[in-house]
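Enquirer: With the hints as constraints, model all of the structure from the sequences given.
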Amino acid sequence: MEVVYNVKYKFKNNENKTNEELKELFNRKLLNIIIKLENQKLGLNNSL
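All letters in the sequence shown, in the order written, are residues 1 to 48 by this note's numbering.
These aren't lab readings, by the way, just hints derived from the structure by calculation. Glycine included, every Cβ here is placed at the ideal spot set by N, Cα and C. Each hint should be verified, as a subset may be incorrect.
What the hints assert, rightly or not - Derived Cβ-Cβ restraints for the label pairs, each shown as a range:
id, residue 1, residue 2, range
1, Gly43, Glu20, 33 to 43 Å
2, Gly43, Asn16, 33 to 43 Å
3, Lys36, Lys8, 18 to 28 Å
4, Asn13, Ile33, 10 to 20 Å
5, Tyr9, Lys41, 20 to 30 Å
6, Gly43, Thr18, 17 to 27 Å
Expert: Take a look at the structure:
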């Protein structure tokens, strides 16, 4: 399954990175957020 998000994200540092590096970094950050939310959701479901 592929999900496409239209999101703007401003990185805190001003290092010059290529677009590919920025995409990879953003995807990892987004994936970490999704995993945390899924874990919270699973934790809530298991506690019921």
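Enquirer: Evaluate each hint against the coordinates.
Expert: Consistency of the hints with the structure:
no.: 1; hint: Gly43 with Glu20: 33 to 43 Å; in the structure: holds, 35 Å
no.: 2; hint: Gly43 with Asn16: 33 to 43 Å; in the structure: holds, 40 Å
no.: 3; hint: Lys36 with Lys8: 18 to 28 Å; in the structure: holds, 21 Å
no.: 4; hint: Asn13 with Ile33: 10 to 20 Å; in the structure: holds, 19 Å
no.: 5; hint: Tyr9 with Lys41: 20 to 30 Å; in the structure: holds, 23 Å
no.: 6; hint: Gly43 with Thr18: 17 to 27 Å; in the structure: violated, 37 Å
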